[in-house]
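Using the sequences and the hints given, assemble the complete structure.
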Amino acid sequence: MPNTGLFYLLEVAGDADKQDPHVLRRLRFVRAECLLCHTLVNAASAPGLVNVAHGSAVLTCAHCGNRQAISGARFSDFAMRLKRGLIPPREDVLPGASPTPPDLIVADPMAHKPALR
1 MPNTGLFYLL EVAGDADKQD PHVLRRLRFV RAECLLCHTL VNAASAPGLV
51 NVAHGSAVLT CAHCGNRQAI SGARFSDFAM RLKRGLIPPR EDVLPGASPT
101 PPDLIVADPM AHKPALR
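Counting from 1, one number per residue, gives the positions in the sequence shown under our numbering.
Please keep in mind that the hints were generated in silico from the structure rather than gathered at the bench. Owing to the predicted nature of the structure, the values given are computational and were not obtained by experimental measurement.
The following label-pair restraints were derived from C-beta to C-beta distances:
| hint | residue 1 | residue 2 | range |
| --- | --- | --- | --- |
| 1 | Ala-69 | Leu-40 | 16 to 24 Å |
| 2 | Cys-64 | Gln-19 | 37 to 45 Å |
| 3 | His-38 | Lys-18 | 36 to 44 Å |
| 4 | Thr-39 | Lys-18 | 33 to 41 Å |
| 5 | Lys-18 | Ser-45 | 18 to 26 Å |
| 6 | Ala-44 | Ser-71 | 13 to 21 Å |
| 7 | Cys-64 | Lys-18 | 33 to 41 Å |
| 8 | Ser-71 | Leu-36 | 14 to 22 Å |
| 9 | Thr-39 | Gln-19 | 35 to 43 Å |
| 10 | Pro-21 | Arg-67 | 27 to 35 Å |
| 11 | Ala-62 | Lys-18 | 29 to 37 Å |
| 12 | Pro-21 | Cys-64 | 29 to 37 Å |
| 13 | Leu-6 | Ala-53 | 17 to 25 Å |
Even for Gly, the Cβ is constructed at its ideal location relative to N, Cα and C.
Here you go:
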């Protein structure tokens, strides 16, 4: 579900867990709309995105200071509903493969998404 209460998730990129590839281990990038001031938040590191544990993170809007802790299950659920899922653990990448930046998981546009103001 993209609506977390204070943010509307648009894109999520993260590392899958080694034991369960359907579980998020760590977030790399989140793009979301702040539902308080409708600013687009692009967060890859602190202070906008702070990884906590087991895929959980705290998102902070740089414009208005809106802040919310979001569970790893919420991010995993959002990522798994999309076509591409989570990024496999780095150890699962074939040796000799050229390193590339992580792919972003992009949400499909939804008709019920709140309009930007």
